[in-house]
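Take these sequences, add in the hints, and give me the full structure.
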Amino acid sequence: MPKLKVNDIEVEVEEGLTVLQACEKAGAEIPRFCYHEKLSIAGNCRMCLVEMEKSPKPIASCAMPVAEGMNIKTNTAFVEKARKGVMEFLLANHPLDCPVCDQGGECDLQDQSMFYGVDKSRFKENKRAVPEKHMGPLIKTQMTRCIHCTRCVRFVTEVAGVSELGAIGRGEDMQITTYLEQSMQSELSANVIDLCPVGALTSKPYVFEARPWELKKTETVDVMDAVGSNVRVDTYDWEVKRVLPIINEDINEEWISDKTRYACDGLLTQRLDTPFIKYNGKFEKASWDEVFKIIKSKFENSSKEKICGFVGDLTNMETGYIFKEFFDRTLNNKNYDSRSDNRFLDNSERENYIFNSSINGIEDADLIFLIGANPRYEATILNARIRKAFVNNNTKVISLNDVGDLTYSYKNLDGQTQTLKTIFEGSEEISKEIISASKPMIIIGESLLKFNSAEHLFNLIKNFLKKNNKFTEDWNPLNILSCDASTVGNFDLGILNNEKNLLEELKSNKFEIVFLVGQDNLDFNKKNEFVIYQGSHGDKGAETADIILPGAAYTEQDGYFTNLEGKMQKAYKASYPPGEAKEDWQIINELAEVMNNRKLFNDKEELESSMFNYLKLQQEKRITNIKEKTNLEFQNEKLNIQLKDYYFSNVIARSSKTMVECNNSKLNIKSTGTEG
Amino acid sequence: MSLRRPAKNQPETFEFSSSSMEEADKIVLKYPEGKQQSAVMALLYIAQKQNDNWIPLAAMKYIAKFLDMPYIKVYEVATFYTMYNLSPVGKYFVQVCTTTPCMIRGANKLVEACKEKISDKENELSNDKSCSWMEVECLGACVNAPMMQINDNYYEDLDKEKTIEIFDKILKGEDPKPGSYRGRLNTEPENNRKTLMDIKNA
Chain G
1 MPKLKVNDIE
11 VEVEEGLTVL
21 QACEKAGAEI
31 PRFCYHEKLS
41 IAGNCRMCLV
51 EMEKSPKPIA
61 SCAMPVAEGM
71 NIKTNTAFVE
81 KARKGVMEFL
91 LANHPLDCPV
101 CDQGGECDLQ
111 DQSMFYGVDK
121 SRFKENKRAV
131 PEKHMGPLIK
141 TQMTRCIHCT
151 RCVRFVTEVA
161 GVSELGAIGR
171 GEDMQITTYL
181 EQSMQSELSA
191 NVIDLCPVGA
201 LTSKPYVFEA
211 RPWELKKTET
221 VDVMDAVGSN
231 VRVDTYDWEV
241 KRVLPIINED
251 INEEWISDKT
261 RYACDGLLTQ
271 RLDTPFIKYN
281 GKFEKASWDE
291 VFKIIKSKFE
301 NSSKEKICGF
311 VGDLTNMETG
321 YIFKEFFDRT
331 LNNKNYDSRS
341 DNRFLDNSER
351 ENYIFNSSIN
361 GIEDADLIFL
371 IGANPRYEAT
381 ILNARIRKAF
391 VNNNTKVISL
401 NDVGDLTYSY
411 KNLDGQTQTL
421 KTIFEGSEEI
431 SKEIISASKP
441 MIIIGESLLK
451 FNSAEHLFNL
461 IKNFLKKNNK
471 FTEDWNPLNI
481 LSCDASTVGN
491 FDLGILNNEK
501 NLLEELKSNK
511 FEIVFLVGQD
521 NLDFNKKNEF
531 VIYQGSHGDK
541 GAETADIILP
551 GAAYTEQDGY
561 FTNLEGKMQK
571 AYKASYPPGE
581 AKEDWQIINE
591 LAEVMNNRKL
601 FNDKEELESS
611 MFNYLKLQQE
621 KRITNIKEKT
631 NLEFQNEKLN
641 IQLKDYYFSN
651 VIARSSKTMV
661 ECNNSKLNIK
671 STGTEG
Chain A
1001 MSLRRPAKNQ
1011 PETFEFSSSS
1021 MEEADKIVLK
1031 YPEGKQQSAV
1041 MALLYIAQKQ
1051 NDNWIPLAAM
1061 KYIAKFLDMP
1071 YIKVYEVATF
1081 YTMYNLSPVG
1091 KYFVQVCTTT
1101 PCMIRGANKL
1111 VEACKEKISD
1121 KENELSNDKS
1131 CSWMEVECLG
1141 ACVNAPMMQI
1151 NDNYYEDLDK
1161 EKTIEIFDKI
1171 LKGEDPKPGS
1181 YRGRLNTEPE
1191 NNRKTLMDIK
1201 NA
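Chains as they are written, first to last, in the working numbering: chain G, 1 to 676; chain A, 1001 to 1202.
Since the hints were derived computationally from the structure, they do not count as laboratory data. Warning: the hint list may mix true and false statements.
When the alpha-carbon atoms are kept at most 30 angstroms apart in a straight line, the in silico DSSO-like pairs for lysine-lysine are as follows [unchecked claim]:
1) 1030/A - 133/G
2) 1073/A - 127/G
3) 38/G - 293/G
4) 1065/A - 388/G
5) 133/G - 1061/A
6) 38/G - 411/G
7) 1035/A - 396/G
8) 507/G - 306/G
9) 666/G - 1061/A
10) 411/G - 1061/A
11) 1030/A - 411/G
12) 1008/A - 666/G
13) 1073/A - 411/G
14) 1049/A - 411/G
15) 1194/A - 1172/A
16) 1008/A - 204/G
17) 1065/A - 411/G
18) 666/G - 1030/A
19) 1008/A - 388/G
20) 1172/A - 396/G
21) 1008/A - 127/G
22) 1030/A - 396/G
23) 1073/A - 38/G
24) 388/G - 1049/A
25) 1065/A - 396/G
26) 133/G - 1008/A
Next comes the structure, spelled out in structure tokens:
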């Protein structure tokens, strides 16, 4: 490991690091615009100039690899002058419009010119003006402000994997644009807004909404997909103004998908803010006491077998747990489920429904086999990780179906489950590849699990991997790609019923009372059922309801979510529920009090500790409860991936105006066919 | 700089002719497997030659597909280099050198001739759309100044009358003779050579 001196402090760093990284290790801060840890090195902004002994000129520290015996100085008059010079050049063409720029207050250029710049300009000529570019419904451009760091170009090419941005022209005429100004077709496109060190690319839906110092910032997790990206929610009073990523190297690195970022405007519309009762097909406002009394009498007047309950895809674990407790203890009934389809699930082992190799593990894998999954739309951030593995390690990716552009190349098979069967019976070329791979990953999508022969195939795959010793201490090749934020949490809590097919019974109208908690995806023809809907948005579930209990969205209550890897993360309260709406656990707790004159839990803490106890017990029980299954039916089916519409996959996204615009821009591109 | 931005009127399609294709294939073969994208500059030039000295967007798309690379990457290259013309410049593309040596020898007269015969402004097509002119920096024929380049040929030792003559021929569709217009062979001194007299073919 090379040793070098930074400002007379000796540091020892790994081979291959840059001088900039070494300086950071020595505690010397280096200003930069174009350099970014996650992107390739461009070295074109020249802001990171430092002095190196024996070099007559300053060196660009971001592009210079460390070498033994270097003597770097970052605090000399020479460096200061170099920085001032670079800053002056950068500002020569940069407009002085900070008061009307959305980046103001969180602008790298603004901050760094305060620290390293000069207070006046010698540039008397006219500044250049660059026309604005169209980059789709999410990115607002003001290209006169651009300093050509090319972070955005490198991001879309390297991380997002859609080469749509580029720098055209040269010298003073250089401009950053998409090809002929088409909107960017990437689910990660809005990350360029965070990357842009100036105000050239800013957020279109957030334009002129607020200044960063006015916002209350809450670090929490995202629920738009099952990945559980770490985000920061910025609120202004009640309103969620924007969602930004925070770094979590194990999950989302530094990126979030456009849906995570922009579905937040759905939190402001279509909200349920007061309890409603349906009289003669019309909803009328009511008080909590009224609705609780009605619910109580309904529950008391029907037999307990005729009551069922479903939990939705965005509910936190506390809600799921108290819902289950409510059924177990108050209603004395086990008719509850968290699945909205006939998805196969063997919850005897936890590994049967989580992403066992972990998201970080993707980078270690040497073979990835996608079965019935389209990670680009089902888990965008995870797909970016697969692309990273593909680019860095040339990881081989196979997909059973042709799922379109995944931003990396893969081999696709015919999509027949028969093919899958022969592969995992061990007689195909791919079987050998899986056997010879040291860390294979089998990623099973929810689409496969909805099949008639899902159980057969699932066990076949698992047994094949077991037989070939692919399960080792540090590697588990079996991965289930869940799509929804609360799926894994609900399975951990055992909110499912494998003895009865509740969905079939619901569809054949066998129940009298249906209790939906945030569940909007059920397809059933309502006859005489009395439907209670508890949730945050007026969507499909609320439409069918007879009584609506207004709940809180994920930004309005503390609650745990377990992501697809089985990592439990807490979402924090950033805002509060609108109107008379309450936190979800509270509603069920109060309902239980009305029913039995006794709350289920005295407070949230008691609920949480009880939930953790339950999870612990469940985990211990599972270890002793493993059974072998054989003789399952198989039938050949053509595997079609049933994707939920990406931009409308849950109630919040469906209420979001921005998501509608995204969808429209995507459809436009498809229909005009300008790309061909 | 109007030639650096794509023209408004664009042809719908573009395809290499068989001779261009042959040339392109030859160039692509020069690069190692997987590095074919390096051929983009040469291919753009072939397309420009084939298409009356300018590159339409359709050609960029065609080349992007030909080399299996994103459109924007080809677009970046085509907009970066000044010798790619992205708007029509006519079948005869006149480039008049106006750098110092040519300027001293009267390049402005050549420019006057262009203005009279072709069009008032640089980069503007002549009335019959067959010709346009532009001022360029040094073309490396200072010994024969003033000079101009029409497509692949150099016309040297010019003055205003001779330039007009050349344009007249071009506009009629004839091919004027390239080289010196004062009877010089290449860059030999005027009025025969003065040195190396004993070497016949020097």
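Original post:
Taking each numbered hint in turn, which are not upheld by the structure, reported in ascending numerical order?
Top reply: Those not satisfied are hints 1, 3, 14, 15, 18, 19, 20, 24.
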